[in-house]
Amino acid sequence: MFDQDIFENYTWINVLDAVPSLVTIHDCFHRFLFINKAAKKAFPRAELGATCYEVVHETEEPPPFCPLVETFQDKRRHSRVFFHEKLQKQFMVTTSPIFDKCGEVVAAIHIAHDVTKVKEIEHRYFQQKTISDFIFEKSPLGILVTSKRVILHVNEAFEKITGYKKDELIGRSTRIFYKDQESFEEFGRRAQNILKVKKVFTWEEELIRKDGRKVPVRASCRMIGAPEYGDEDMLIWVVEDLSTQKEIEKARQKLKERGQQLQRLKALGILASGIAHDFNNILTPIMGYTELALYRAQDEQLKAHLEVIATAAKKAKDLIENLLKFSKGEKGSTVLFDISEKVLENIKLLKGTLPSSVIIRQKVSPIPKPVKGDPTQIDEIIMNLSINALHAMDEAGVLEIGCCMERLDESFLEAWPEFQPGEYAHLWVADTGCGMDEETLSKIFEPYFTTKDSGKGTGLGLAMVFNAVKTNGGFITVESKKGEGSTFHIYFRLHDENLEQCHVEATPGRFSNLSDAKILLVDDEESVLTLASEFLELSGAKVKGLNRADDALSLIKNEGYRPDVLVTDLTMPKMTGDELILQCRKIIKGLPAVIISGFGHEISRELDDVPIVKKPFRMEDLVRTIKMVLNKEDKA
Numbered sequence: 001m002f003d004q005d006i007f008e009n010y011t012w013i014n015v016l017d018a019v020p021s022l023v024t025i026h027d028c029f030h031r032f033l034f035i036n037k038a039a040k041k042a043f044p045r046a047e048l049g050a051t052c053y054e055v056v057h058e059t060e061e062p063p064p065f066c067p068l069v070e071t072f073q074d075k076r077r078h079s080r081v082f083f084h085e086k087l088q089k090q091f092m093v094t095t096s097p098i099f100d101k102c103g104e105v106v107a108a109i110h111i112a113h114d115v116t117k118v119k120e121i122e123h124r125y126f127q128q129k130t131i132s133d134f135i136f137e138k139s140p141l142g143i144l145v146t147s148k149r150v151i152l153h154v155n156e157a158f159e160k161i162t163g164y165k166k167d168e169l170i171g172r173s174t175r176i177f178y179k180d181q182e183s184f185e186e187f188g189r190r191a192q193n194i195l196k197v198k199k200v201f202t203w204e205e206e207l208i209r210k211d212g213r214k215v216p217v218r219a220s221c222r223m224i225g226a227p228e229y230g231d232e233d234m235l236i237w238v239v240e241d242l243s244t245q246k247e248i249e250k251a252r253q254k255l256k257e258r259g260q261q262l263q264r265l266k267a268l269g270i271l272a273s274g275i276a277h278d279f280n281n282i283l284t285p286i287m288g289y290t291e292l293a294l295y296r297a298q299d300e301q302l303k304a305h306l307e308v309i310a311t312a313a314k315k316a317k318d319l320i321e322n323l324l325k326f327s328k329g330e331k332g333s334t335v336l337f338d339i340s341e342k343v344l345e346n347i348k349l350l351k352g353t354l355p356s357s358v359i360i361r362q363k364v365s366p367i368p369k370p371v372k373g374d375p376t377q378i379d380e381i382i383m384n385l386s387i388n389a390l391h392a393m394d395e396a397g398v399l400e401i402g403c404c405m406e407r408l409d410e411s412f413l414e415a416w417p418e419f420q421p422g423e424y425a426h427l428w429v430a431d432t433g434c435g436m437d438e439e440t441l442s443k444i445f446e447p448y449f450t451t452k453d454s455g456k457g458t459g460l461g462l463a464m465v466f467n468a469v470k471t472n473g474g475f476i477t478v479e480s481k482k483g484e485g486s487t488f489h490i491y492f493r494l495h496d497e498n499l500e501q502c503h504v505e506a507t508p509g510r511f512s513n514l515s516d517a518k519i520l521l522v523d524d525e526e527s528v529l530t531l532a533s534e535f536l537e538l539s540g541a542k543v544k545g546l547n548r549a550d551d552a553l554s555l556i557k558n559e560g561y562r563p564d565v566l567v568t569d570l571t572m573p574k575m576t577g578d579e580l581i582l583q584c585r586k587i588i589k590g591l592p593a594v595i596i597s598g599f600g601h602e603i604s605r606e607l608d609d610v611p612i613v614k615k616p617f618r619m620e621d622l623v624r625t626i627k628m629v630l631n632k633e634d635k636a
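Residue numbers (my numbering): 1 to 636.
Keep in mind that the hints were calculated from the coordinates and are not lab data.
Fair warning: there could be bad hints in the mix.
DSS-like mimics (lysine-lysine), calculated; alpha carbons at most 25 Å apart, straight line [what the hints assert, rightly or not]:
(1) K129 <-> K254
(2) K196 <-> K210
(3) K179 <-> K148
(4) K75 <-> K117
(5) K101 <-> K165
(6) K557 <-> K542
(7) K179 <-> K129
(8) K148 <-> K199
(9) K557 <-> K518
(10) K443 <-> K250
(11) K86 <-> K179
(12) K481 <-> K518
(13) K40 <-> K101
(14) K303 <-> K351
(15) K544 <-> K627
(16) K557 <-> K589
(17) K627 <-> K614
(18) K86 <-> K37
(19) K342 <-> K614
(20) K138 <-> K101
(21) K314 <-> K303
(22) K363 <-> K351
(23) K160 <-> K148
(24) K214 <-> K166
(25) K518 <-> K632
(26) K40 <-> K246
(27) K37 <-> K314
(28) K518 <-> K614
(29) K214 <-> K250
(30) K129 <-> K160
(31) K627 <-> K589
(32) K363 <-> K342
(33) K214 <-> K160
(34) K75 <-> K148
The following label-pair restraints were derived from C-beta to C-beta distances [to be verified]:
(35) Q263 <-> L344: 21 to 29 Å
(36) V335 <-> D409: 38 to 46 Å
(37) E537 <-> D409: 57 to 65 Å
Think of the CB as a built atom: it goes at the ideal place given N, C-alpha and C, for glycine as much as any other residue.
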């Protein structure tokens, strides 16, 4: 039995009264034997002899899980947190048994400590920790915590960036993200020096992923350790994957470079257009009289000399034509054609012109579908690439030219979003020459860019190739490595038409020769007028040549002259060639006509049936065009 007198004599009773916790002592019936001041203040109704559950809980029996009940039952200490509804406070309740001299439990001490503020702090901490953990794990940026360059923790985004799982990283050195030990140590020194003077260190770097690939990142580092506790080496790293950003920047730069390149090509075309008319008027008599001289020449040596002149004039003609194609809207004739046949034609020509020190390897597979474009520009592409290869090989090596049909899918065309998956003609020209470095590769299609010595290159060949490919609806890629040669790959979309439809045989008509044809020829250039008149007369035609458009109109209008065909220059003073045709057709309905032009002026839509012969032209081409027009009229 509990000795109340002995208890009251204990000197520590005053100590219990000074304790802020609620301290009470109970007998085995839960009656109060002692109540300290804090408990009395919290529960004024508490009196010695009253039961705790009646006073504190206002119930007729102890509450469930009462630690006092458990202590009397098992003679042990028990603790539990209770929330008191009336006081709106949380208490940590601890009960301990009090034994008599015989070891029997005669009472129990009940201590209730107010932990309301502690629990509130714990709750806020738990909330903050939950939020922090969520932000840490779900952040789109990679987060890494290290100490002495050993990984302590990483989040999901960092796993994704590096390809490692969390359990593969924790406890390992950050050395795994660097290509070699030297890079690892050098970065460590740099970071350490910067963090001595700055709180945050930001830089861009390439990390090595688990699969060995490099990933560009931007990382910010901050010290989170406390030097006073000796953990100043604890750092937190925030890592941003720059792969997508770098790809976007690269694509933007590529588009910018393409735009600049197109602007240069356009400027070059405008310049070419400005000089083309006069230049072509100069070339026309050179080519024409050379052709006429070859027709009449008997001496073989003279013929050889004339062939040299003809070849040089042809090269000049090709140059100005190619330059003109850079102009806005200047396009060649678009037809369906067999590209594999075109490749074979060019290979045959190259075999007869390239030096024997160049081995030509052909890999031409028949392509059952046609390409739509300008066949002459395909010649230009193959010839320019072959000449470029010849120079790259220093006129000795292997030149490979080939073509085949390929089906390109979305992944292949990812860099060319303007092109749709499907069947393409793949044309390539490869050489065993000197190859190119990356800097040269980035500039090869720019006009006037050349790696050749002064006087040995114009810098226009590959620019013309680029423009010809683009004009014909294709795209071009290049593979090259310094010292290992180059390969140019060109792709054109194939069409579903049958190749047999691309070959149309000419049907002879009444004017299979010009013996009965009356031709009205109009050109303000006297040299062209004289030359064309002479050649047409050699073909059997009766030619009326005039150098003024108004004189030609007067001849028809006032003098009743009725030609079989009107052949006129396009650009003339006072009246242009297309205006002359329209005026003449008011008098002679449906008058057949041919236009001669030095460059691509737009003509009236009413003259869609009128063919254009571009200066400088071969006289045979002019005769052939006139025959075609007359034959068409004859059939009509």
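K214 paired with K160 [C-alpha distance capped at 25 Å]: Measuring from Cα to Cα gives roughly 13 Å; hence the hint holds.
Holds or violated: K40 to K246, with C-alpha atoms at most 25 Å apart: violated (73 Å)
Restraint check for K544 with K627, where alpha carbons must lie at most 25 Å apart: Holds, at roughly 17 Å.
Hinted pair K363 and K342, Cα distance within 25 Å: holds (13 Å)
Pair hint K303 and K351, alpha-carbon separation not exceeding 25 Å: Holds, because 23 Å separates the two Cα atoms, which is no more than 25 Å.
Restraint status (C-alpha distance of K627 to K614 at most 25 Å): holds (16 Å)
Pair hint outcome, K179 versus K129 [Cα-Cα no greater than 25 Å]: Status violated; Cα separation ~36 Å.
Consistency of beta-carbon spacing, D409 to V335, with hint 38 to 46 Å: Cβ of V335 to Cβ of D409: about 28 Å, so the range 38 to 46 Å is violated.
Distance restraint between K75 and K117, which requires alpha-carbon spacing of 25 Å or less: violated (31 Å)
25 Å Cα cutoff - pair K518, K632: Given that 25 Å is the threshold and the Cα spacing comes to 16 Å, the pair holds.
L344 and Q263 - C-beta distance against the hinted 21 to 29 Å: violated (37 Å)
Given hint K148 paired with K75 - CA-CA distance at most 25 Å: Violated, because 51 Å separates the two Cα atoms, which is more than 25 Å.
Hint compliance for this structure: hints 1, 2, 4, 5, 7, 11, 12, 13, 20, 26, 27, 34, 35 and 36 are broken, all remaining hints hold.
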